[in-house]
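Novice: Here is how the chains run, residue by residue.
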Amino acid sequence: MILIFLILIPLLTGIFSFALKGDNAKVLAILSTVATLGGTAHVCFLNFGIRTFNMPWIPVMGTQFSLRADGMSSMLCLLTGIVTLVAILTNLNKPVEKSGAFYGFMLLSQAGLMGVFLANDALLFYVFWELALIPVYFLCSQWGGEKRIAVTFKFFIYTFVGSLMLLAGLIYLASKVPGHISYAWADIVQVHKNLSLGEQQWLFWLIFIAFAIKMPLFPFHTWQPDTYEQSPTPVTIILSALMVKMGLFAVLRWLVPVLPEGVAFWSDTVIVLAIIGVVYASCIAIVQTDMKRLVAYSSIAHMGLMIAVAFCNSEVGMHGIMVQMFNHGINITGMWVIISIVENRWGTRDMTKLGGMASLAPKMAIAFVIISLANIALPLTNGFVGEFMLFNGLFSSGGNNHIIFMVLAGLGVILGAVYTLNMVQKTAYGNETEMIIRKDISLNEYVGLAVIIGIILCFGFFPKPLLELTSGMASVLVK
Amino acid sequence: MIHYIFLIPLLPLIGFLINGIGWRTIPKNMGGIIGCGAILGSFIVSLGVFFEVNTPGFHTQIIPLFDFIKSGKLNIPFEFQIDALSSLFLLIITGVGFLIHVYSTSYMHHDEGMVKYFSFLNLFVFFMLLLVLGANYLILFIGWEGVGLCSYLLIGFWFKNRDYTNAAKKAFIMNRIGDLGFLVGMLMILYTFGTLSYQDFFKNLHDAPKLPASTYNWIAICLFIGATGKSAQIPLYTWLPDAMAGPTPVSALIHAATMVTAGIYMIARSCALYELAPLVSNIVAAIGLATAIIAATIALKQYDIKKVLAYSTVSQLGFMFLALGIGAYSTAVFHVMTHAFFKALLFLGSGSVIHAMGGEQDLRKMGGLGKKMPITKITFLIGCLAISGIPGFAGFFSKDEILSRAFASNPTSPYLFVMGIGAAMMTSFYMFRLYYLTFTGSFRGTHEQEHHLHESPFAITLPLIILAVLSIVGGYVGLPGVISEHHALESFLSTAITNRSKFHLEESTEWILMTVSTLAAVFMIVYAYTATKKPNFAPTTGLAKMMENKWYVDEIYNAIIVKPLQSISGLLDTWADKKGIDGIVNGVGKTVKWGGDRMRVLQTGQVGFYIFIMVIGMIALFSISFLLVK
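From first to last, the protein sequence lines are chains A and B. Residue numbers for the first sequence follow my numbering, so the first one is 1 and each next one is one higher. Residue numbers for the second sequence follow my numbering, so the first one is 480 and each next one is one higher.
Keep in mind the hints are simulated off the structure, nothing from the lab. Quick caveat, the model's predicted, so the values are computed rather than measured. Check each hint, because a few of them may be wrong.
Restraint-style ranges between C-beta atoms, simulated for each label pair [what the hints assert, rightly or not]:
#, chain 1, residue 1, chain 2, residue 2, range
1, A, Val476, B, Phe545, 20 to 30 Å
2, B, Glu839, A, Ile404, 50 to 60 Å
3, B, Met509, A, Pro465, 33 to 43 Å
4, B, Ser980, A, Val407, 31 to 41 Å
5, A, Gly472, B, Arg1079, 54 to 64 Å
6, B, Met509, A, Leu457, 20 to 30 Å
7, A, Pro362, B, Glu839, 29 to 39 Å
8, B, Lys1069, A, Phe45, 44 to 54 Å
9, B, Thr1020, A, Val407, 54 to 64 Å
10, B, Phe537, A, Val447, 46 to 56 Å
11, B, Arg1079, A, Ile157, 13 to 23 Å
From the three backbone atoms N, C-alpha and C, an ideal C-beta is built for every residue, glycine too.
Please take these sequences and the hints and turn them into a complete structure.
Specialist: Set out below in structure tokens:
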């Protein structure tokens, strides 16, 4: 029963929020996200077990309103709860026009995300997938930067094309369920027994393209740096910490077990693309001067490693992806929070014009350095455990190619240190530059960053809770 | 005492947390006391552990703490291992570390970031202790990268200076290159043997059916790549001289006594693996020797007092790798120990000099400092005698052991020995050149500087005196075979590491080797005296200029790696990404729009036109079906 509340709380408060103005909207948004976070924490850590919720929906079409929370979905719901709260909390001291609508859209998007992670029915999954995306289009186009209209339009077209192909693929799968049309996950994962290899091969791309655009996989990534750059920061956080995970989660839930032969057939292709993406995006990140674009490319590189491992058929690797989805979400949220504070205080994100944070705003600088270290997966930060497991997955999946993949992906580790430390050096160190608001982090930002850093260090030192939450989830994904 | 082992890393961690959280409110003296106290506590526990390990009948102990990574069949616990090797390193790290902390209380007292400095220093000791205490490669790796982080933070401690932060970044990135090798090596071990724990791994190495030699070689070379980064060997050594940008006590602790010896610790720890990879052992010896020689040639021509010591460290680390390569693992550890004493002493002594000179590091502006700073002068001299290998001083015993064992490893063609002697001769020369230029002759700096010259306070001279004593007596734990049958250090370490052979030499041969190396050192000291009597600082030419400019290695790396990476990245950004891939994406969009525009022309709204099109369509359909039927 608690599962439906995870969706209903943000959905209803989100709708209600449109009627509110100013601070009322902020208060409602905070209350709502705190309540949702409490619910997700309950699902994850109290009497953990697989929970389900079923309700008739459209029986004629063979679909029902069916939710299911296992380790992986619970963990991602928890991530959604934390990240949305931090995104809204750290934005409180920044001016937002029409705040009722702004926070309303944020909450609606959160409802959609929860639904995506919990859906146990393909059609329901698709509905939530769109529900999560549509508010983001509005948020980008209404509250974004100068080039927001063109960028949002491209983002919309790009992702919508993918979504339509996904819908077609899911309908085809449902129609192939023997006896009757069914969208239930349990039926969909059995369909591949009735599909020929040829069918699986083209169905793979029909479904995968939507996910590939979302994650994004090289070369479907070019919407991302522009969109991250133009979106208001809370939206960038939702996009990069959660929407991106939506794509990867979907691969693990709606692709790898659904089309096993198709996945096996195309896995080398995808791995090669993903590894190219790691090196390519890392190189491009080196020459960026806008902090947001740098982190955008860094994210493409990090996701590339996870995508590659998703196709490596390794149990440790799959487990690593699940852990790393959580950690990457936390770390990149921290990055964006810092960047938005920098933009607020200095009035620019251009690294050539920044410097001296360590002496002007030492608390901010300390937080920034810790988050940067997590971004390069230093041991005893949360990023390390996941990355070690990912490399283990990439390496142990056999074949001589994998040593080459491993070394190329490892280049990402070195280049990651290059661009991240460059960014730290240019912004935090060096001589002091002019701030338009001379202020270190404010209370709401302090709390938000403390949450992020607390998670970084706790799960870096003691990753057991995170590993146990998702243990056993990986073995079913491996042949 | 072993039950309290967790205290050893925990105390510095607590020190770090207290000073780190309260870095703006804690008074400087208090911060110093917390920082030093934490390390002193660790040192006392380490001493207790050492005595317990040193009792007869002690067996290696594993102390499990908690599960770290557990996933399916993969299980890597967070656990410590106590044996002779780790207990010895514990003593070196906490002992020398404590002295350097005490020294820092005075050296950093004028700095506003002193409490922050102590928190970083404590964090460093925490990671270093983790590195040597870990019972598996992953815990070692945590410490390994952690000390790299602290090195980064402390090199760039004065973060407003762009050069310093560049040096910090360079150190971190070059270490990361090595770390990738280490990571791949670890994954190979995990893949081949299914474990990262030392005990299981070495047991498997011993018991498992013989694997192809290439397996062992690949693992060994990957781990060694990691060691070249951390321990500053060719080709990844260029970060260490730049790392001198940090405060001098940091150079003493991190870039001389402890962190840079992590690579030696790791290979000595993995000696069972290197015994199965003779090819890689030869590479280790060759790289070590080459580094020892090349770094020594550069040190001959440096004028920055810390740069000389930095290249000297690189060179001495090369000696240690030479020892590892010939299979004399305990000798390498012996040299790590004596080197920790005399190199820490030399760095701290140079810090005392820099302190007195008001921040000046250029040898050309010093001279005659001995009169004003007698304690610094005498202790520095002891350090120089120790590193040069003059009999009676610590460095003599360990260095002589390396050279004689290099000879014993292949007595028929003693080229390792000969080249080693060459490097050792250069060592004596550059050290005494440094000594004479600094402490003897007449002062060459400004009048103001001369007026300011003074002996350093007690907190600085006390560590110097203690380290000077250790630089003398530290060698007597490993007497050469001709003097004593019992090698105390080697027999202590024998429970943890096994040397390749006994390295037996005839007594007469050993005497000859010892005499040769001593005479060579004395000769170079005298030669250095004559060469610096009338110092000549004219611009150099030819070979000397190459040496002074560090063989242009930094310039070469810039030209073949850094610059191309920048330009390739720039090209990828503008051409491949913006014009290429995004161009195609936009192109698809534009094509669809273009197609739509063309199709729109057909929607004229005139019924006549529609009928016309319809008729044409029908005719076409009929013709096609007619053709198909036929």
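Novice: Work down the list of hints and note, for each, if the structure agrees.
Specialist: Structure-based check of all given hints:
1. A:Val476 - B:Phe545: 20 to 30 Å: holds (27 Å)
2. B:Glu839 - A:Ile404: 50 to 60 Å: Hint holds: Cβ distance 51 Å, inside 50 to 60 Å.
3. B:Met509 - A:Pro465: 33 to 43 Å: holds (36 Å)
4. B:Ser980 - A:Val407: 31 to 41 Å: With a Cβ separation near 36 Å, Ser980 of chain B and Val407 of chain A satisfy 31 to 41 Å, so the hint holds.
5. A:Gly472 - B:Arg1079: 54 to 64 Å: The hinted range 54 to 64 Å holds for Gly472 of chain A and Arg1079 of chain B, with Cβ atoms some 57 Å apart.
6. B:Met509 - A:Leu457: 20 to 30 Å: holds (25 Å)
7. A:Pro362 - B:Glu839: 29 to 39 Å: holds (30 Å)
8. B:Lys1069 - A:Phe45: 44 to 54 Å: holds (51 Å)
9. B:Thr1020 - A:Val407: 54 to 64 Å: The hinted range 54 to 64 Å is violated for Thr1020 of chain B and Val407 of chain A, with Cβ atoms some 43 Å apart.
10. B:Phe537 - A:Val447: 46 to 56 Å: Distance hint for Phe537 of chain B, Val447 of chain A holds at roughly 51 Å.
11. B:Arg1079 - A:Ile157: 13 to 23 Å: Distance hint for Arg1079 of chain B, Ile157 of chain A holds at roughly 19 Å.
Taken one by one, the earlier hints fail for this structure only at number 9.
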